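My request is simple: use the sequences and hints to build the entire structure.
The sequence shown begins at 2 in my numbering and counts up by one.
Hint data in this document are derived by calculation from the structure and do not stem from the laboratory. Be a bit skeptical, because a hint or two may be false.
Claimed, not checked - Calculated pairs, BS3-like style, for lysine-lysine (alpha carbon to alpha carbon, straight line, at most 25 angstroms):
{"#": "1", "residue 1": "K232", "residue 2": "K210"}
{"#": "2", "residue 1": "K256", "residue 2": "K245"}
{"#": "3", "residue 1": "K245", "residue 2": "K34"}
Claimed, not checked - The following label-pair restraints were derived from C-beta to C-beta distances:
{"#": "4", "residue 1": "D82", "residue 2": "D175", "range": "12 to 22 angstroms"}
{"#": "5", "residue 1": "S233", "residue 2": "K194", "range": "20 to 30 angstroms"}
{"#": "6", "residue 1": "N189", "residue 2": "S133", "range": "27 to 37 angstroms"}
This one's a predicted model, so the numbers in the text were calculated from it and none came from an experiment. All C-beta atoms in this analysis are idealised placements derived from N, C-alpha and C, irrespective of residue type, glycine included.
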Amino acid sequence: MKLSLPMPKQIKPSLHIPTNNTYLLRHPPQKEKVVVVMGATGTGKSRLSIDLATRFAAEVINSDKMQVYQGLDIATNKITDEERRGVPHHLLGIVNPESDFSAADFRATATLSLQSIHIRGHLPIIVGGSNSFIEALIDTNNFRSRYDCCFLWVDVAMPVLNSFVSDRVDKMVDLGLVREVRDFYKPNADYTKGIRRAIGVAEFDKYFKSESISEEEIRARILAEAIDAIKSNTSRLARRQLEKIRRLRNTKGWKVHRLDATDVFRKRGGEAEAAWEDLVAGPGFAVVSRFLYNLEPVICGGIMVERDRAPLMAAASF
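Here's what the structure looks like:
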């Protein structure tokens, strides 16, 4: 059951409110709420954002710097319409693939999305692996003066994540990755701009150029090398993303709530679903509830969370 998030109450001045700074310090305006879901590629950030958005009245803002572009849905791992489960998404597949979309561009467009979501009385959930985009948005005086943030970090041990990434690339190939990138291919293209910077694009350049070679065995070897390169580059990206999250938490002091999903990736079928609910979705929901409402401490899923001292606006189970 969805929880309804009320519109933030704006404190308006009246004749009975003192205009001195002492009053403002004691009664600061209520800030609007924002949830940020972080994590390395492949850890389940999008899944958690949808789980949260279907339990609260929420909309998702994409912060993946490759998924903002139109096209190459397989290569960039865009969330599908079915996976979105009716949750509105912003900044997903909206930018011309040949143009550049900078951190400053993200900050400007995400700010507009935040405002429109709050006007509708909904909770914004920012999700994506491009931590530089998230940092560019949050580390501004305008953002910090207006919003309170709750940071969730979906984490998976690197050896386990590497294995998952390898399997995921194979599945992407089965879904038509090579054909998708071939349709987008241009000889002598600039792989430093636009969507061509995405992992899974430049790696196929040599293979596409070799397709005129008659020897099938040679072409198969070049293709296998391209797929291996995609797996290696994706794993390196995941490590860089983890390093950035740790820096934001340890050096910059962001209060990041870590959700360890490692055991989820070690299981299969129903056991994996149950582990996701116990280790990620349930605790994530509890943390966000604590952030949004006035809650008292209880133990849930092995972590300290808090329960409302008064009845919640609506009930939900997890």
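Violating hint indices (sorted, rising): Hints that this structure does not satisfy do not exist here, as all of them hold.
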